[in-house]
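Colleague: These protein sequence lines are chains S, Y and E, in that order.
When we follow the numbering used here, the leftmost residue of the first sequence carries the number 1, and every step to the right adds one.
When we follow the numbering used here, the leftmost residue of the second sequence carries the number 1001, and every step to the right adds one.
When we follow the numbering used here, the leftmost residue of the third sequence carries the number 2001, and every step to the right adds one.
Don't read these hints as lab results, they were simulated from the structure.
Be aware that a few hints might be false.
Some chain Y residues close to chain E (C-beta under 8 Å, calculated; not the full set) [claimed, not checked]: (1) Q1064; (2) D1121; (3) T1268; (4) L1331.
The list that follows gives simulated cross-link-like pairs (lysine to any residue, SDA-like), each with its CA atoms no further than 20 Å apart [what the hints assert, rightly or not]: (5) K2201(E) to Y1233(Y); (6) K88(S) to P2300(E); (7) K1014(Y) to P2300(E); (8) K1292(Y) to R1373(Y); (9) K1015(Y) to K1292(Y); (10) K88(S) to S128(S).
Note that the structure is predicted; figures quoted are calculated from it, not measured.
Glycine residues also receive a C-beta, built at the ideal position from the N, C-alpha and C atoms.
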Amino acid sequence: MVRVDGNGTGSALIQVRGVDKNYSRAGETIHVLQSLNLDVDKGEFIAFMGPSGSGKTTLLNLLGGLDLPTHGSITVAGDEITHMSAHKLTEWRARHVGFIFQMYNLIPVLTAFQNVELPLLLTKLSRSERRQHVEAALSIVGLADRMNHYPRQLSGGQEQRVAIARAIVADPTFLLCDEPTGDLDRKSADEILDLLTRLSTEYHKTILMVTHDPAAAERAHTLLHLNKGVLVEGAHLDSVAGGVA
Amino acid sequence: MKFGGLLFANLFRKKIRLLLTIGSFAAALFLFTFLAVVKSAFSRGVEVAGADRLVVINRTSIIQPLPLAYRDKMMVIPGIRAITHANWFGGVYQDEKNFFPQIAIDIENQRDVYSEIVMPDDQWKTFLNDRQGAVVGARTAKRFGWKVGDRIPIKTTLFGGNNSWEFNIDGIFHNTKPGGDESAFWFQWKYFDENMPADYKGMVGWYVIRLNSPDDAERVAKAIDTEFTNSNYETKTETESAFQAGWAKQFGNIEFLILSIGSVVFFTLLLVTGNTMAIAVRERTGELAVLKAVGFSDRAVLVMVLAESILIAVIGGSLGLLLAAAAVPVLGSALNGLLPVLVVSYSTLLAGIGFALGVGALSGLIPAFGAMRLRVVDALRRV
Amino acid sequence: MPIPVVYNFRSVRARWPSAIVAVLGIAGTVGVFIAMLSLAKGFKATLVASGTADNALVIRAGATSEMMGAVTLDEVKIVQDAPGVARSGSQPLVSPEVVVIAPFPLRSTGTDANVQVRGVSANALLVRDQIKIAQGRFFKPGLSELVVGRNVPGTYTGLDLGDTVRFGGGTWTVVGVFDAGGSSFDSEVWCDSRILDQVYKYPENVYQSVTAHLTSPAALQQFKDTITADPRMNVDVSSEIDYYAKQSTRMTTLITILGGVVAAIMAFGAIFGALNTMYSAVAERSREIATMRAIGFGAPSVVVSFLIEALLISFVGGLLGCLAVLRLNGLTTGAMNWQTFSHLAFAFRITPALLAMGIVFALVMGLVGGVPPAIRAASRPVAESLREL
Chain S
1 MVRVDGNGTG SALIQVRGVD KNYSRAGETI HVLQSLNLDV DKGEFIAFMG
51 PSGSGKTTLL NLLGGLDLPT HGSITVAGDE ITHMSAHKLT EWRARHVGFI
101 FQMYNLIPVL TAFQNVELPL LLTKLSRSER RQHVEAALSI VGLADRMNHY
151 PRQLSGGQEQ RVAIARAIVA DPTFLLCDEP TGDLDRKSAD EILDLLTRLS
201 TEYHKTILMV THDPAAAERA HTLLHLNKGV LVEGAHLDSV AGGVA
Chain Y
1001 MKFGGLLFAN LFRKKIRLLL TIGSFAAALF LFTFLAVVKS AFSRGVEVAG
1051 ADRLVVINRT SIIQPLPLAY RDKMMVIPGI RAITHANWFG GVYQDEKNFF
1101 PQIAIDIENQ RDVYSEIVMP DDQWKTFLND RQGAVVGART AKRFGWKVGD
1151 RIPIKTTLFG GNNSWEFNID GIFHNTKPGG DESAFWFQWK YFDENMPADY
1201 KGMVGWYVIR LNSPDDAERV AKAIDTEFTN SNYETKTETE SAFQAGWAKQ
1251 FGNIEFLILS IGSVVFFTLL LVTGNTMAIA VRERTGELAV LKAVGFSDRA
1301 VLVMVLAESI LIAVIGGSLG LLLAAAAVPV LGSALNGLLP VLVVSYSTLL
1351 AGIGFALGVG ALSGLIPAFG AMRLRVVDAL RRV
Chain E
2001 MPIPVVYNFR SVRARWPSAI VAVLGIAGTV GVFIAMLSLA KGFKATLVAS
2051 GTADNALVIR AGATSEMMGA VTLDEVKIVQ DAPGVARSGS QPLVSPEVVV
2101 IAPFPLRSTG TDANVQVRGV SANALLVRDQ IKIAQGRFFK PGLSELVVGR
2151 NVPGTYTGLD LGDTVRFGGG TWTVVGVFDA GGSSFDSEVW CDSRILDQVY
2201 KYPENVYQSV TAHLTSPAAL QQFKDTITAD PRMNVDVSSE IDYYAKQSTR
2251 MTTLITILGG VVAAIMAFGA IFGALNTMYS AVAERSREIA TMRAIGFGAP
2301 SVVVSFLIEA LLISFVGGLL GCLAVLRLNG LTTGAMNWQT FSHLAFAFRI
2351 TPALLAMGIV FALVMGLVGG VPPAIRAASR PVAESLREL
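Generate coordinates for the entire structure from the input sequences, incorporating the hints supplied.
Modeller: Take a look at the structure:
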């Protein structure tokens, strides 16, 4: 269940209450997000859409603990992250969030295996346990046979799949995707979206995705619009194809 | 001018990197100056040697003396303008560390031979009339804070006789030759000779001869050495510069050391700055491509990158040279008389600027050419 | 858990031109640093090795070096009878010596350099028992024969075993080469003191110095006290080691100051180079760093990671510098001993301690050059860096 009116029961996995985010630029204050509310239950797949500069990435950064709101609170799985110290926030992030970026952001000097392994280095797993998890993640995304390749030896679509494997390998509480298909051709984009859909339906992952791509939005359960710093529930899935509200 | 504005804006893009590159240049030029100054100090003797002067020493060993009687025998050789003689004193003033050359001189002829030594006439006159008098170079006087009128005690063990000597500072001299010696302590040879034990009387450490013309050097030197061959005190005569050069060569391969260090520095610096420029250009590939797309010619872009590189080099280089010029006197006093006075000459400074310019141009060349040949299409795609 | 070190290895390799620059800068500095120090060490070692703990040197009171004074025969006799002097049979092991300098042509330049010539008596090798004949034999007393130190034939022309040479108005034959264990004596030429006196027209009963071989190092104090208390003596007594240690101070100071300045400046340059390299590494990899921080690697991990990289580079640089300069070890060069105005051959002396110092120096430079960029890497806001194109 997804709500944007701030009246959630408090049992949601992710709760956002009255969040403002302001930036100062050249002496002016820009209000990117205004009194934002959001409740997300476990297992939801949400697409955020909106015009450029509407604050979609900002919202994602806040949810992922990469930034702190000016006012308001964000609670994930019972933890209030808005009052955590930087150190605790880092730990929290490692445990709970999996990021998928538009530009994949793989480490070029590490192999696919080593890239996927990175989040596991923050855990107490042994070397062989880590190996198991990495191989499992790479199997899910269908790249088990490319474990020892470097990013430059992979196509864009393959790189993104490695990135997804990295995002899920530590079994985070939820996944944050920022324009995951933005840099891909139609075919590769569809493959990625198939993968995300599987993660949602088969593995019941909670996924929050920012996108410009109507095809991507289509895959989500819920569509939310971010306009002028406010979240609005979007048109129903069927009518998205007809145009963005 | 718009171009210049762009140049400066680019320069200050990354302030820290700019400061670091300037710093590298400053360090390298500082070192360059320092090495040049030291090299010059080592070869100073040769540089300030008189082209028209000969040095006559005992052939057997420089520590062996020559008879005073030789003077008259040499004077008859044509081409000689003046002859002076001197003895090394080698005494200690307060502490062994306070080394400076002390020399007993022939007061009648010394200044004829060393015409570059100047001092107020009244001081010299006082000295001539003062048996126990001494005149000292400005550098040594300053070092110990001596003034005209001071009485200076000096101890020596060189000669069996009197152990402790005292002198009156009657004058302070300067040397008109740039870098010329201003550290010597001169006193009267006759006073010296008086106090020598009988065995050592009438003996001279060395002679210095001033010729009418440098062209006579070879002839006169040969004549002198031939005159005294097979005597009890054979002579070895050579030009002052040859003498100094031989002395300098005994200091070892200092020049070689300096040249090798210099090359190491130069090479490293070239790498550092070249690499920095290359990185900077690589970062701005997109911008440079846009500039070209907008209409700046290939040549213009080349000039821009090169100009940046040279500007950084000149700023950093000048900074290094200035710092060195300020630091050299401090270093000189730290060396405490171990080397001749350290001088930063104009030619050194000029060479330094040239060096900086050269390195700036060279290190900017490859990135500049790369920038010039950049194809707009490739560059814009490279993001 | 920290960022894997393999990341640093591979990143350095990927940016090798830039890394090489920093490595060379540090290598050059470490090389010069070690070379200068080993030069000073070598000079000092040569002189210090000249002295042994159980030898004492007696020279004129106030003289700064042997050559600068005179010791009379009467004074020599008093030394021979002093307590603590070792004996060979009934003969006291005391060597009165005449020390002068004479010019000989250098092999390297062809110009003359002043060599220290020492006129000794027949018992010189007994007094200085660490010196041994390596080739040929010792001179026969009363003959114009020379025995030279092992560095002499290689440094000067005309002083090889068997050569005849003219100096001081006499003709001499080189009959032997002695080995003095790498000390200043190896640069000396020895002959009979009587013959030398004649040639240099020195009075017969006057010497420049007296060296006494003592029964043990402990005997020095009593020996010294007895002699200096004697009103007939106008001398200074010191252990040989102390005398030679003092002799080296001027040249060692010169080399150390000059070398120190050069190394300091080069260090600045090297640090600048390292800083430049590391800063551009941070700039180029800002997206990677942000990604790792997004994943959950904390700021300390990032700082440590970059420090490791800087130290890696500087360690390699230090190693390279050490290797490059090792080739100098044992290389003999010559310089003038300012105190005696005679030419002295000595060798670069590189010790493990010096090499260790070089490595430490390199690491320190790496640290200084790595900390500021590392801190910058860790403190840039993650969100910003992620968005950067």
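Colleague: Now tell me, hint by hint, if it's right for this structure.
Modeller: Structure-based check of each hint:
1. This hint holds: Q1064(Y) has a C-beta 6 Å from the nearest C-beta of chain E, less than the 8 Å allowed.
2. Evaluation of the D1121(Y) hint against chain E yields a violated restraint, the C-beta minimum of about 36 Å exceeding 8 Å.
3. Taken as an interface hint, T1268(Y) checks out: its beta carbon lies about 5 Å from the nearest beta carbon of chain E, inside 8 Å.
4. With a cut of 8 Å, the hint placing L1331(Y) at the interface with chain E holds, because the nearest CB-to-CB distance is about 7 Å.
5. Restraint check for K2201(E) and Y1233(Y): the C-alpha separation of about 10 Å stays at or below 20 Å, so the hint holds.
6. For the given pair, K88(S) sits about 13 Å from P2300(E) by alpha-carbon distance, which is consistent with the 20 Å threshold.
7. The hinted pair formed by K1014(Y) and P2300(E) fails the criterion: a straight-line CA distance of about 25 Å is larger than 20 Å.
8. For a cut-off of 20 Å, the pair hint linking K1292(Y) to R1373(Y) stands: about 11 Å separates their Cα positions.
9. Of the pairs offered as hints, the one joining K1015(Y) and K1292(Y) is violated, with about 25 Å between alpha carbons and a cut-off of 20 Å exceeded.
10. Note on K88(S) and S128(S): the hinted pairing is violated, with a Cα-Cα distance of about 28 Å set against a maximum of 20 Å.
The structure fails hints 2, 7, 9, 10 (numbered hints given earlier, in ascending order).
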